[in-house]
Amino acid sequence: MNRARFIPLIVFALIVVAVAWRLAVPRDDRVASKLEGQQLPAFALPPALPGKPGLASADLASGSPRLVNVFASWCVPCAAEAPVLLELKRRGVKIDAIAIRDRPEDVAAFLARYGDPFERIGGDSESRVQIALGSSGVPESFVIDGKGVIRAQHIGPIMEQDISGILAALEAAR
Amino acid sequence: MIAEAGLAALWLAAALALLQLGLALGVGGAPGKAIDTIRGVAVAQGLLTLAAFVALIMLFLRTDLSVLLVAENSHADKPWLYKFAGTWGNHEGSMLLWVTVLALAGAVVAKFERNLDERSLGKTLAAQAALALGFFAFLLFASNPFARIDRAPLEGRGLNPLLQDPGLAFHPPTLYLGYVGLSVAFSLAVGALVTRQVGPALARAMQPWVLGAWVLLTLGITAGSYWAYYELGWGGWWFWDPVENASLMPWLAATALLHSLNVLAARGGLRAWTMMLALVAFSMSMVGTFLVRSGILTSVHAFAVDPTRGSFILVLLTLYIGAALTLFALRIGAVKEGAPFDPVSREGALVANNLFLSVILGIVLVGTLYPLIAEAATGEKLSVGPPYFNATAGPLALILAALMMIGPQLRWRRDRVAVMPRLAPGLIVALATLVATFLLAPDISLLARLGLALGAGLVPASLMPLLGRALRRTPLAIWGMCIAHLGVAVALIGMASDSAFTREKLTTAVPGDRVAIGPWVVELGSIMPVAGPNWTALEAELRASRGGGVSVLKTQSRYFTEPVTTTNEAAIETDWNGQLYAVLGAQDVATGRWQVRLWWKPFVTLIWFGGVLIALGGLLALVGRWWRGVRTRRRLVEAEL
Chain A
1 MNRARFIPLI
11 VFALIVVAVA
21 WRLAVPRDDR
31 VASKLEGQQL
41 PAFALPPALP
51 GKPGLASADL
61 ASGSPRLVNV
71 FASWCVPCAA
81 EAPVLLELKR
91 RGVKIDAIAI
101 RDRPEDVAAF
111 LARYGDPFER
121 IGGDSESRVQ
131 IALGSSGVPE
141 SFVIDGKGVI
151 RAQHIGPIME
161 QDISGILAAL
171 EAAR
Chain B
175 MIAEAGLAAL
185 WLAAALALLQ
195 LGLALGVGGA
205 PGKAIDTIRG
215 VAVAQGLLTL
225 AAFVALIMLF
235 LRTDLSVLLV
245 AENSHADKPW
255 LYKFAGTWGN
265 HEGSMLLWVT
275 VLALAGAVVA
285 KFERNLDERS
295 LGKTLAAQAA
305 LALGFFAFLL
315 FASNPFARID
325 RAPLEGRGLN
335 PLLQDPGLAF
345 HPPTLYLGYV
355 GLSVAFSLAV
365 GALVTRQVGP
375 ALARAMQPWV
385 LGAWVLLTLG
395 ITAGSYWAYY
405 ELGWGGWWFW
415 DPVENASLMP
425 WLAATALLHS
435 LNVLAARGGL
445 RAWTMMLALV
455 AFSMSMVGTF
465 LVRSGILTSV
475 HAFAVDPTRG
485 SFILVLLTLY
495 IGAALTLFAL
505 RIGAVKEGAP
515 FDPVSREGAL
525 VANNLFLSVI
535 LGIVLVGTLY
545 PLIAEAATGE
555 KLSVGPPYFN
565 ATAGPLALIL
575 AALMMIGPQL
585 RWRRDRVAVM
595 PRLAPGLIVA
605 LATLVATFLL
615 APDISLLARL
625 GLALGAGLVP
635 ASLMPLLGRA
645 LRRTPLAIWG
655 MCIAHLGVAV
665 ALIGMASDSA
675 FTREKLTTAV
685 PGDRVAIGPW
695 VVELGSIMPV
705 AGPNWTALEA
715 ELRASRGGGV
725 SVLKTQSRYF
735 TEPVTTTNEA
745 AIETDWNGQL
755 YAVLGAQDVA
765 TGRWQVRLWW
775 KPFVTLIWFG
785 GVLIALGGLL
795 ALVGRWWRGV
805 RTRRRLVEAE
815 L
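Protein sequence lines, in the order shown, are assigned to chains A and B. For the first sequence, position 134 (counting from the first letter as 1) is numbered 134 according to this note's numbering, and the numbering increases by one without interruption. For the second sequence, position 10 (counting from the first letter as 1) is numbered 184 according to this note's numbering, and the numbering increases by one without interruption.
In short, the hints are calculated from the structure, not lab data. Don't be surprised by glycine CBs; every beta carbon is placed ideally from N, CA and C. There's no promise every hint is true.
[What the hints assert, rightly or not] Ranges of calculated distance between the beta carbons of each label pair, as one might list FRET restraints:
(1) Pro569/B to Phe6/A: 25 to 33 Å
(2) Ala551/B to Glu36/A: 25 to 33 Å
(3) Leu641/B to Arg3/A: 41 to 49 Å
(4) Phe6/A to Leu529/B: 18 to 26 Å
(5) Thr681/B to Glu105/A: 24 to 32 Å
Chain B with its partners taken away, still in its complex shape:
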């Protein structure tokens, strides 16, 4: 019953999306008059889609094996959290989650958007309905999550054990919320291009969506990076895997968009560029999800290739992105540019920021798609790995960090006041750090050295905009910017420190052996079999000491039976100045010695701490914007009384 109800809700929601599109395009009267009806339809569509998603969650929690999707992806023995998360740990469920977020975002825009004129809002809701309609069709015709099977199996077929991890249970939905939040920016841009109303009002309507999506993307990427770090057991935190790139590209576009929206909102400038970024950000989200889901690109995240589904989504993407880019090309000539500005000004710095972010985005896009394009053109099979990305994106990211030290200190339009005093603290710290690295660590790579120097310089530079302000009356948006930039500084120091100072040791040991790494001495203790709900494992106990006390680390080599898979659970000891990371490998049969892999990673935790700070900065800006809106409205109400 639940499955049928869910499917019915999905069909109804699709019908409402069609109705919304028709009304917004002016079927049955002038679209302006129908705006209240459209609002209601959008809200109903969002709620029905949510109901369908809740139905699927219930099927997974009950392990209803008569539903094909549950039978193939779940198992009665699985802990309930993973049954719950299993809802979106597969193709159909994740697409339903995607559509649910899309429909709910449309509902929120319809219900709460007050900045825009009604015509633009109507066109925006038309665009949002068109997006939803395509993905509804994809679900209903090519990926029905509620399909039943004739004879229910006795037991389900499990879930990829690599995905049985609390962090990962919430990593995909966070990213999806971010991806799909960008759909609103896309629809707003389409609406504005149709009505030619590109201006500060549009920027203000777009800002909360981009900010919110960007915060979630930042958190999602940070969490994904940490997950890969401790779960894959390779000791790295970023692999330039196509799936990681698929999440990084929308983030880069959204970061650029976030900054160019400031120019559009405050000064009415960068109109064409901002519209382009709004279209690109969501296009990247769709392309990224599609490339990942269709298995077009080879990745550690294995997803089944299904040419029918792949073609269906490709047609959808071509229609949406192609139509939006065509609209842009035809209309952008009619959009007037805003007020002019000097190269040395806040606008100038934000243009530079956009330029560098876009170039990095281009580099990642080329690197991700190059193997595909090369094989299509020449038949040659190749892969593009970290050396390409690090050598190209790395230096550009450092230049961007250097710009970040300068940009926030500049004023709008034209900077006449002497800038040097405001730049001095950052520059002095950066130079001092640079000199210190030459003296204390002469052997580290140039990129790591510059990363350390710029990261250190960026710490005071990020906080400079707070200097001379009454802190309690400083707008939250300024606080947000400073904290987000500080987060970049912190993450950059973490990355540079990890790349410069990491110590690695691969050795074999028997219980009782001691291994020295960095400041630590690690003793291999007992190796015991342990059992979990659906796995068995060999657990090694490691006693790590540095000077005083002893900490006990437990690393496991887990063996899952359904499906048969082995995973390595790294043991990580976090200290104030870094992490000790240990992985147990296989036992050599001939000698009886165990492979043990150890890393000492000074300050590596700063990478993710920085990521969280960046997201926190975004959140503060979002809260500040919302609070200001509430206060303005309250004041308007009071003025009327």
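Chain A extracted, bound-state conformation:
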């Protein structure tokens, strides 16, 4: 009993140390993608809508970094993301897109409504390229360097606060 009476105090001290450590070292919830550093899989997608070129892996090894946005006209967060992509384009980012399980007229309506920041849009009607890219949902974005290597993956919509991170990743891929 003589020493046992200090046990609760010692246990509590350990908890305090762990919690203080967490306060000092904030949690890093970023999940590093396994795809980062990998060569893009080879693909060639037909145009998602008439009047705009489709997308092939060769287009992405163009010598300068590009952003590839995986989206769909039926995806609500993609609509929320659209103004941020336009802002990125305004800042000089080259953006291509892959439209997942979409119809040409729906993609056209989506772009007409929310704006069109894309240079090329490949139509991936069966999600084959999406799966090969290791993307699990829409929207997702990939930073590709000039040699066609994936340098960063952003899961979910790019929001206002992510702009600086995306620009930094593009700069690093240069």
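Fit chain B to the known structure of chain A by using the hints.
The following block gives chain B in isolation, referenced to the frame of chain A:
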């Protein structure tokens, strides 16, 4: 004006807490003489804090957008109930609610406590004032709920739509009342350790607070579990999420404390242990609230991380809990143990109860903090999930249930009378159920099978203490114990049945399709858009039939605009023997088919019904104690006349 008045009330209350602490510590004369002044100060402090909280409620009801907290957490379009509940649906408001309950509890102790000697009461009120003072400082310096903004926005920024639910509006305050009710047990223990007066009088002073807090915690946890069940749309009723664990840990400590207080009150035993539990119960409440509020642990209940506030509260907790545990370590050697007892006795059973509850508490604490400690020590990120908790806490809970069949049948001190006849009914029913599960349901898991058997055996075992008593003259406390234990039996059967017999089906359907699940045939009817005050939704109509009539279930996939969020409202059809649970998922664009998820959960409702019974048992014991106090006082008055 209201905001400024609220802030002023808060400052005044903080000043009174400081005054109360000073007086109780003997500044300006012997503390014993100041006890009447201290009582008055404590009551004034409680009322002023309440006034501040009412001011905040009024600001929310009026949607006064010039107040930062209202602008960030409310919205003029929100139904009034959620404006009201929005008062505590955010960090600052919930902290103010916490302090309000703390100050009011202090006021009630100061005004009504008559069991304790004045010295111990003085020290207790000093401890309560010290607790309140720290949290007042936290509110005033780091979380001011009444801060204004220079330019009021045109519209507020809403409230998390997941929290727009009538059940949830009252779930946090119930839990808070429970958490903070335990603060009185903490302060009483601190006071008693300072004055070395640990005995039956202290136990009697502590009992109503622990009982009341425990009833509210039980209700809060039960309601929270049901909320998660129908709102999160996962079909589960307990997820071992850190926030759930944060409410479970004080409950486990309070349950153990409740039982050990009986030994202290009746036999003067288990003194050191009871003091430890009283300190641990409120410490767990504070640690739990802190971990949740600071975002230290990852949880489905997302709260913003703010390192400044986190550090502030950590310092407070370290001071309070550290000081209390140090006091315990220094003083407990001087506390005499009570009368000895045999291992096979009521005391022996209550010690076993305490031991198992404490081990389960330890398991939950380790599981909740392990990811944090592991990352601090090795840098490895991991999470601890249901498999760990179920595999460790599950079997222990079953052993505890088995003990519950035995404990209440034993006598105090030493059981000389043959015990078997009193144990027989429970054992026979448990064994019969066990055999029946082997015959009727050979494939279910061992834990579920034992749960069913022990739950069934516990039904007659819980009622045995009533046997041979004149029911109308049986004290309410005995009734309370029997009903609470019966509640455990009922909840256990519900849990085991849910885990053993649940049927799940994930399918895609178009309107007109039929899906069979359990005894039900469910037909997907129309899917229509509907609109609420601040959301739009797709509503699926499901026609469920089993044999005779048809019941119509409506499940919604709700889309909120401020902030943009989607929630799934499960449709639940409750029948006498279980619930049919349906969730509408997304539509597959290519095929036009809708995802539909169905569960048939036999007797799942018993889980929450059991929880309510447990709370009811506690309430009966509380009422019985109060009534006995009233009668004793009346008799004393009559004797004097």
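_Broken hints, by number_ = none
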